[in-house]
Amino acid sequence: MVRNDQPLLDVRGLSVAFRTRGHEQLSAVQELSVSIDPGGSLALVGESGSGKSVSMRALLGLLPANAVVGGSARWSGEGDVPGGTELIGLAPRAFRAIRGRQIGMVFQNAMQALNPTIPLKRQLTEHLRWHGSCTRAEAEVRAVRALGDVGIPDPERRIRMYPFQLSGGMRQRAMIAMAMVADPRLLIADEPTTAVDVTVQKQILDLLIDLRDRGTAIIMVTHDLGVARYLCEDVAVLYSGQVMESARLVDAVEDPRHPYTRGLIGSALELGDDSPLRPIGGNPPDLADRPAGCAFQPRCTAADGERCAEVQPLVRLADAREVRCWRSSHE
Amino acid sequence: MTAQHSTDSGAVGFDGVSEWGRRWRRFQRNRLALVSLAFIVVLALLAVFAEVIAPFDPNQPDFGKRLTGPFTDGNLLGTDVLGRDVFSRLLFGLRTALFIALTAELLALLCALIVGVLAGYFGGRLDQLLMAATDVMYAFPTYLFAVILATVLGRSTWSIILAIAIGSWLTQARLVRAQMIKLKTFEYVEAGRSMGAGAGTLILRYLLPNSLGPILVATSFGIPAAMLAESGLAILGLGVAPPEASLGTMITEGYKYVLVQPNLILWPFTVFALGMLAFTWVGDGIRDAFDPKDD
Amino acid sequence: MQLVVFLLRRLVRLVLSLLVVSMLTFGLLSLAPGSFGGIQAAGAGSTGLASGRTVDLTSQVQQRYGEDVPVWEQYGNWLGPAITGDLGYSYKYPESTVGALIADKLPVSLALALIAMGLALVVAIPIGILAATRRNSAWDHGSMFVVTTATAFPTYLAGILLVLIFCSWLHWLPTGGWAGPKYALLPVLALAIAPAGIMARYVRSSVLEVLREEYVVAAVAKGGSWGVVMRRHVLRNALMPLVTVAGPLLAGLVVGTIFIETIFGVPGIGGLFTQAAQVRDMPLLMGTTLTFALLLMLMNLLVDLSYAVLDPRTRSGLGLSVDPAHRSEDTTGAILEEVKP
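Residue numbers (my numbering), protein chains in the order written: chain B, 1 to 331; chain D, 1 to 295; chain E, 1 to 341.
Next up, chain B with everything else stripped away, as it sits in the complex (with noise of 0.2 Å):
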């Protein structure tokens, strides 16, 4: 077991451009940093374009070649490496041994993700024999019981068909079944609930919950707090490839620092109070063409020209919050 004091993935200041074709670089995702305990919960919360998901792919290597990746990421999963493995920058081979065996991944879609003229068998084991961990027969007896432990009825029959033959719901459970299977520490679940309907998105938020009480860490990507809140202890929100606000999701949906929070909040379905949705107007900024200084600066409600044109730190609160707003330190 890993000592408790050291966080199971540790993020320092990571950073993603894209290598365009005029050769100037597009910046996605700057100085992210977050951190997740074993056995704990994340939230990166965020609108789509705000880098979270492009940062947790960054985090596995799963980018294509013109991604530019820098920063760190410590990675304290493997048993009693001092100080972890850095995965930014690590070699292929050592690379493997840990996606997907110490770093499971479910993808937003389960139609897309999983291989279409593939039986769920092979997709399901396959990495199990990658990673040597065991023979073909126990690959499968484990398979089948991943599938059930996912909820999916009459496993052993269901294992031997392909995806476009299960409903929607089994797909996106035989995904985090696939993940599950070779049992990791962590978790990154990309979107999971996006793309089903809401009776399912509840039945999969029930089965991450039902991973995370039994120890595995994980991180969730989403654009939906409410979503967020019902899994997650911590949170990050994202806004143009910076964290404006990291807190425990608790404080931060109860008592919103920044602006931009309180917008995702106000335009939330379940959180706010009785009042009426408030839409946060406007668009994200163009990665080519970010405002200077403060990034959500031209769609807040409470911007004041002169400080929210300076670039805006991280100010470090108390109760370990984190807060990009000049404002925050002043109320």
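For the record, the hints were derived by calculation from the structure and aren't laboratory data.
Note that the Cβ used here is the ideal one computed from N, Cα and C, for glycine as well.
Hints are not guaranteed to be accurate.
Said to hold, decoys possible - Pair ranges (Cβ atoms, derived):
1. E:R9 to D:A199: 32 to 38 Å
2. B:A65 to D:L34: 27 to 33 Å
3. E:L302 to D:A197: 44 to 50 Å
4. B:P116 to E:N77: 50 to 56 Å
Starting from the known structure of chain B, arrange chains D and E on it as the hints suggest.
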């Protein structure tokens, strides 16, 4: 990848002009396509001004100097088996080949547009008939059909054009039909309809302009296909009747003397092959300009 | 069960199509001025003395070839025996039946087309895969330039080019004839060049498309090495649709042998067709045309079936699935890309 939901704004959208500008820029970025386009323009000019440029009457035999090599007695590219000037015949042959290919493709396109639009937009009996016809034509190789038609119609320029057009219009009609069916469910067409636009307006203002891309691409590949069909018929002995020259018949004639005087086939073949390549690359360029797969 | 229904439906369509093709061919040729009898009579008449004799001879010859009755009757007279497989005797080669002529020449053409297709596949697949995996590299640009050039040289253009290079210039190979493997080399190459180009491009774009799929990212995220992910997830799914292109291309190759056989003097069914068209040998022309049509349709059917076997999604569409409760909509129609020759 990010622009998955981009609807083709064609000539209709607010930025209609800039969309065409973008396409032209994308086309220009493809150097090969640009050079090919220039080459085709040169070929077309040579064909149009054949009379002015040609130093000799292309069909005037001169039995005194048969099968001479290039640069002899003022015959730039030599003479053929009847002593006719190869360079002059090349110009007129190019003209015939381009005329046949362009006319056949335009004719096929016209039929395809009319039938495809009607079948795709209105559906019904005509549509069923079109689909049944394409089904049968799938079993009837275009070339076989063209050969039989050419046998039936004879060897005049127009009968060859007709044979090629009849052989190729169905596939294009199917393409237009598919475009119509796809586009007519789009929201801006629905919106236009709900605002009381008639079928004619919808087709002319919305559907056709927006299917211009695929149609243009099909045309740019249809012209070399028609050129190929012309020369193919010539090789089977069904090309334009002598003494008139076309690239196809010149290649066929030249092939008989390929070991004796390769010069005879070399020139028409080179012009033809380069023309085919140029059309292929221009077609490629147009396709990429309309449907950018990268970035 | 659904497979049987599918096959039956396709067979009915096949027979109907053959019938229409035969009517079209027969009708068109009857419309045309001139006939085999006429051509023969004209040939004989030119050596005859009086024009009166020519007319007489024409009607005699026409009677002999059954061309003196109305078109539909002629068609009926042809169709009756044809249904039982008897395509009649050739006019030009009166000593052999059309069936025997075709049976004699078809294997040569089929062998040429199949070998050319095999060659094209063997060349195209590795080129396409390498170009896709090294996208935008010098190899990618270079090979795609060559391959696009190849697509502009279908059958006889490639044939003439090869003759110019290997016969006229280098004097390595014979320009025509049919007496051993040496003579098959150029015809096969000529046939293979364009399909190889088309398929290499197809493989490249297909692999690129699959490489963008989320399930490839997912496989890497599961810890798969590049090679394993390529083999098990990318190549399998990228090469499957190649069947839909290769089928029609093969059909095109069979038709393409018409030109190749004319150029290289190969004794195949293509040459038979050309001769029949030139002298208006009706039974032979009908026989060869229908053979081509039948080959084309069988090829399409084979494509659909093999695709169904390869792709589980279509397999269930055809009713071959283990679990008939989950049938996707009919995808077979959508499979057939418009890569018609």
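Results of checking the hints against the structure:
no.	hint	verdict
1	E:R9 to D:A199: 32 to 38 Å	34 Å, holds
2	B:A65 to D:L34: 27 to 33 Å	29 Å, holds
3	E:L302 to D:A197: 44 to 50 Å	46 Å, holds
4	B:P116 to E:N77: 50 to 56 Å	54 Å, holds
When each numbered hint is compared with the structure, no violation occurs for any of them.
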